[in-house]
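Trainee: What follows is the residue order along each chain.
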Amino acid sequence: MFKSKSVLALLMVALFAFITVGCSSEQPASGEQGDSESNELVVYSGRNERFVQALLEKFTEDTGIEVLALHGANPLQIAEEKNNVRADIFISNDLGALGYLDSKGLLQGSNPEGIETIPADFRAEDNAYFAISARARGFIYNKDMITEEEMPKSNEDLFDSKWATVENGFAITRGGNGGMTGHVSALRYQWGDEKTAEWIAAIRANSAGIYQGHGDIRRAVGAGEHSFGLVNNYYFHQQLVEPENNNVGFIYLDQEEDEMGVVANAAGVGLVSGGPNEGNAIAFIEWLLLPENQVAFVGESLELLINSQYGAVYPAEVQPHIVDFSDLKVQDMPIKELGNYFEDTTALIEASGLDLDLK
Amino acid sequence: MNDKNTTQFNHENVKVGEETSPTLLRFFRRKWLGIWQSNPPGMGLFVFGLCIAVIMAIPIVYVIWRSLFAGIDRWQRLLDERIPQLLWNTLSLAGAVTVSTMIIGVSLAWIVIRTDIPGKKAWRWLLAMPLTVPPYVGAVTYIIVFGRSGWARDLWQSTPWLVNALGDYSINIYSFGGVFLVLTMFTYPYVYLIASASLRKMNRNYEEAAYSQGMSTSEVFWKVNLPLLRPAIGAGGILVSLYVLGDFGTIAMLRYVTFTAAIYFQRASFDTASAAVLSLVLILLTVAILWIESKTRRKNKYYQTSNTYRKPLTLKLGKWKPFVLFYVSVVFFVSVILPIGVLVYWSRIGIRMGALDGRFFGFAINSLKVSGFAALLCMLFSMPIIYLKGRYPSLITKVIEKLSYAGYALPGVIVALGFVFIFNNHLPRLYGTFYIVALAFVVRFLPQAMQAGEASLSLISPRIDEAARSLGYPPWKVMLKVILPNMLPGVLAGGALVFVSAIKELPATLMLRPPNFDTLAVRVYFEASESIYHLAAPAALLIVLVSVVPLRYMLKKY
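Sequences listed follow chains A and B, in order.
First residue of the first sequence? That's 11 in the numbering used here, and the numbers climb one at a time after it.
First residue of the second sequence? That's 1023 in the numbering used here, and the numbers climb one at a time after it.
No lab work stands behind these hints: they were computed from the structure.
Cβ coordinates follow ideal geometry from the N, Cα and C atoms, glycine included.
Among the clues, some could well be false.
[Said to hold, decoys possible] Pulled a few chain B residues facing chain A out of the computed Cβ check, cut under 8 Å: (1) 1171; (2) 1446; (3) 1454.
Bound-form chain A, shown alone:
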């Protein structure tokens, strides 16, 4: 009896110690709202974790500021938390999402050192958000299964149900994916809503696989699980670096004379309005604008730098396949325009049922 009593006492002490320790370690984060003296930075990121984590670790190494990261964040989380702002920085692979947040007043302008290195097309007028790296949409295909000549070459081609019958079919991401949202926004700009909705229905019906993200698709296509898949160009670069399953090619869409040009998007950062650690957030942005860190932002993703003169270094397998942004025929919608389409695009995708689909 005495024994079990002391066990119990120990347990209670442990519980209270736990709660107090937990409270005291938790307090500073919420307690120092708006205090730039804190040593923390809260980053929400919608990019693939593997592209962002190393960058954030480098920032901590360089500045000693600890980064609390929430990977896989949706831009709408910033909107939902607007009464209780927790994030300082939002990193996105869709400039449309950043533009949308800015239009809702959820981002705030600043004048960070080095911002002039970013071309005006790729940043908000008050610098509330800006892009660092660009990507273009297209098809990654498995050269063992299909030849370049046999591949579809444009967005328009995907209406044709014959692509459902290529070997093992083709793959797309679910509509909730940031890359897909940006893609659909671009099509709406070009085609209008009705035709775009038909296009969504067509790819939903004809695709053989609907995946969570692009990383799955490149692996699946490389391994021969599908003939081709709709991804961003850097996923092609990534697959080339794989030790196996790397016999893949890439089609930039709509490059012919009378076609719309490739759908482009950009990844960048936004300064969240009223975040808890504003001083550190500005410090992060200025740090990021250093040429060295713009290169690091591309990191493992193997995207194209907007400032290509800073010389992102690509592996030997990838370098010959790099197509400079300036050599592509790019859709004539300014990338910054994407933000105006964001909200209705998600509604359109949701109405088509693609946002939830996985197969």
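Guided by the hints, dock chain B onto chain A, whose structure is given.
Mentor: Then chain B, alone, in the frame of chain A:
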């Protein structure tokens, strides 16, 4: 003793309500005593219990409330387009898995308990072992083996006669069949354990009576054994079907969309109103299943008398022995050896590549921290509720108890959704801290702690309470000082169960975790969905190892 209590109560009320009419007061007091049959609990204990119950029920009530005000448009759109498909996906899967687990579970229980299968004792617990593999971890291993570029394809394609006879490798694990197989293989032990417990208690007399009527063994099984097993099969089936309704990890990894996944994805893109509408439908489905089960059980009542109990006969397998042994081994191989083998294989690769780095241990510590905290809270919270229920039975305690079970029958996704609503809107201080993850675990797993504690409270005589009360202790002090030390083993067992469940929990953690607070379960999900198996496997293996803890408890219980 009762008098003393009444007077105590009396004084309190007179003090508080001096200005109200004494007649009215007397009326309420009489009512109050009537409810408790003149034995009301102490106020402190009662209020504590009531608060816990309310906390348990709030998230679900809130979700329902939200869904009712989601707007007619949204309801209409979802009812037209989304809900019919989701209903079909969800119900067909739940039905198929429930039926197949019943068949596998009952047949294995029968073989292990009633036949002379070699290695009887070992099989008894070996066949319960899939319980240690969370189904989403099982799904990862099945993808590695049977996926479109898995080991099975390599084997198939390098076997010429197979390719010649059946063509190219064509198993598609990302399908209804795949989800069905995974969920069946990792949930059948629920049925198996409960059915074996029931079979062990079965009385030989009934069978002998049947044999004497000239029935064959199979006739005896269908007409005598099976009806007696009916409650056990039903109880196991309920557990399985509720599990399937609430499962998130398995279906998400195998790309099959049920209500739970749809709610998660809606919420992930922050369409919380639609998520609430889908949740209400899922809640209704859950209630319907519970109702159907209670309905069918009421119609079939079978009694077993214990006074003439004789142990059932062991049946000789004879020429069936190799066949039965093969069947049992196949199930064991597919549900235990295969997944654990795959995890060990990839963990070795991962560890060689440095997977056990600082980040990994950070995730492990996060898991430990949040699960440990949840377990402690559950132990703390379960006590007053069990004590109230055990010592002060009444309508009110029944309601409190039922409310405390609210989270148990509902998927983590819904509990998490309720928490998001409440904390983001009304308690922003706590939103985005690890406390709300732990609290969500408490809502989900408190009943596990309660069940474990209840068993040990039932062994303690109320006389002990009375003795302590007669020395002048108030009820809460009796509970803490006298009862708790005596039922500590049960409470600790409950805590252990909660801890293990919390380590495995996925959807609530995904939805509620603050920045920089990934747990092992979350990592398994992310790494596996990016096909980075060497990082997913060590975390998954650790979860499996921890899950061995409750197996002993489960085996003892059933």
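Trainee: Does residue 1446 of chain B hold up as a contact with chain A if the rule is Cβ-Cβ below 8 Å?
Mentor: holds (6 Å)
Trainee: Regarding the hint that residue 1171 of chain B lies at the interface with chain A, is the smallest CB-CB distance below 8 Å?
Mentor: Nearest chain A Cβ about 4 Å off; hint holds.
Trainee: Holds or violated: is the Cβ of residue 1454 of chain B closer than 8 Å to a Cβ in chain A?
Mentor: Since the shortest Cβ distance to chain A is 5 Å, the answer is holds.
The structure agrees with every numbered hint stated previously.
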